[in-house]
Amino acid sequence: MLTIQNLHAGIEGKKILNGINLHIKAGEVHAIMGPNGSGKSTLASVLAGRSDYEVLEGSVEFLGKNLLDLSPEHRAAEGLFLAFQYPVEIPGLNSVNFIKTAVNEIRKYRGEDPLDAVTFLKRMKEKMALVNIEQTLLSRSLNEGFSGGEKKRNEVFQMAMLEPKLAILDETDSGLDIDAIRIVSNGVNKLRRKDNAILVVTHYQRLLDYIVPDFVHVLYNGRIVKSGPKELALELEERGYDFIKNENTVEVA
Amino acid sequence: MNTIAYFKERFDQFQPSEDHGGLDKIREQAFTAFSNMGIPGTKHEEWKYTRVAGLFNKEFQLPADPLTGTITKGQQIEHPLYIYHVTDARSVNILSQPRSLMIVNEQAQVQVVESYSTLGNNESFTNQVMEIIVENAARLEYYKIQNDGSNTNQVSTTHIRQVGKSFTHTVTISLNGGLVRNNLNVILDAKNCEAHLYGLYFQSGQSHIDNHTIVDNIKPNCLSNELYKGILSDSATGVFNGKIFVRQAAQKTNAYQSNKNILLSDSSSVNTKPQLEIFADDVKCTHGCTVGRLNEEGLFYLQSRGISEKTARNLLLSAYASDILEQIKPEALKLYVEKLINHRLEKDLS
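Line by line, the protein sequences are chains A and B. According to the working numbering, the stretch in the first sequence is residues 1 to 253, in order. According to the working numbering, the stretch in the second sequence is residues 1 to 350, in order.
Bear in mind the hints are in silico, worked out from the structure with no lab data behind them. Ideal placement from N, C-alpha and C gives every residue a C-beta, glycine not left out. Mixed in with the good hints, there may be bad ones.
Said to hold, decoys possible - Straight-line Cα separation of at most 30 Å, DSSO-like style, residue types lysine-lysine; simulated pairs: (1) B/K310 x A/K122; (2) A/K100 x B/K219; (3) A/K100 x B/K260; (4) B/K347 x A/K108; (5) A/K108 x B/K260; (6) B/K347 x A/K100.
Unchecked claim - Label-pair distances were calculated between CB atoms; the ranges are: (7) A/L234 x B/C289: 50 to 58 Å; (8) B/H343 x A/E144: 23 to 31 Å; (9) B/K347 x A/S59: 35 to 43 Å; (10) B/S150 x A/R107: 20 to 28 Å; (11) A/V96 x B/G38: 53 to 61 Å.
Build the full structure now, drawing on both the sequences and the hints.
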């Protein structure tokens, strides 16, 4: 589904990713872990197409297309979704109108007719129940005045509505208490299918207790320095990131 | 012929032959004051950014008609009172000077809507004065909708004097025009008055919008709240100048003012100047202004959900304008203005 080869990227002349290689197949859950500043959020941003990041080298293929050639909206329409670490508050933009516009713009891109009001509403109610989000929240302006947990639940609701092939969860657990993490994770787990994949970007292991990955990759200095099964996350939790740093210092030396 | 002499000649034509119980004298005095001051140039502090003198390089024809109206005691007008200003500039340049007086009597309630249309492609200049007296327990909603062509120019002055405990709510929507200058003066001349001033300007091309507002707190315990928001694209220019006076007697005044601007292009600009002059010591006043670009982070957020850049921009700008549009209470008028704005977004930003 997603093949990243030798990806180098940076922002404002500062190089952050130094040759990422990653292969994700349908049905898999991958976790990217790493200390602060290792390039986790940069990777998520580059994949979603944030314009202030610059790709210097390498390629990203998504469902047979060159992802880096596509605008952010076309990446979304092709089936990529980024759950933001800090979802943006937009006063004056109604949450329901927003998601309806998004659903129909993606349908338009795919050559499908817009959903009629009844079908849209039915689908919305269904997904709201699935990810445990209330109508009162969605009748407000997009994310305006939402708590941290509400914002993340809204991200998962949008993910449910847009039915992406690959969802990237960028530090979805940041700022959440354990109850909120559980609710958000349950929502994500209900959206797992054989034909989609999830890339979880996280600093802490605790989110992976709820969204259990098939593979764990450790990012350090803009490169994946270690990959392994889910147990690798537990090892990191126990030993901290220092052993990765030390190992790599030795390697470089 | 210089401008003053030009006006003098036309002024004399309008002076009636018989006496009008002292009115003629007032008119004479007013004309003398005008002769002494002249058309304000850019060295005049209040007109620094709005070059109104340049408009008088052309010949204008000058029709005139005053309008007066009284909303009588306790009268509550169910439907908005709609004042259309139609200028016929099909054959010549037109200068019109509509002068109106409205008195909203005790306990009366009224919604007033003013809009402006010009026929033809000649130049028009409307120099309007609307004076409104609002008495005790009265309520005024006043909406000004400016959406005329680029050949039209306007200096539109609205004096509101609240002479009894009363409520006023004004919304000024400026979507187009050549040169538009609005002077909105609200004088709070009674205890416990409340005044709300809202404005939205969305200008493109070469248009120029200038909103000068004054809230003058003369008596104690009044509340005023002011929010003006602007969107400027192409080479459009904007001015906001908001003054709040709190006179010595006006203790316990609450006065809030804010002006926000979004510049969509490098060649658009805005000059914004909030001003407070406070002579009382027990007051709450805030003021502030911002000038910025469209929220890039918001734009990316919307695009990352599959929304095209153009639609995302339109959604963000509509969202930005929405808190002013919410202040338009007559539903039909609100829908109409929303439609005008959406049409502009479609047309301008494609």
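These are the hints, each one checked on the structure:
no.	hint	in the structure
1	B/K310 x A/K122	holds, 28 Å
2	A/K100 x B/K219	violated, 50 Å
3	A/K100 x B/K260	holds, 29 Å
4	B/K347 x A/K108	holds, 21 Å
5	A/K108 x B/K260	violated, 35 Å
6	B/K347 x A/K100	holds, 23 Å
7	A/L234 x B/C289: 50 to 58 Å	holds, 54 Å
8	B/H343 x A/E144: 23 to 31 Å	holds, 27 Å
9	B/K347 x A/S59: 35 to 43 Å	holds, 40 Å
10	B/S150 x A/R107: 20 to 28 Å	violated, 39 Å
11	A/V96 x B/G38: 53 to 61 Å	holds, 56 Å
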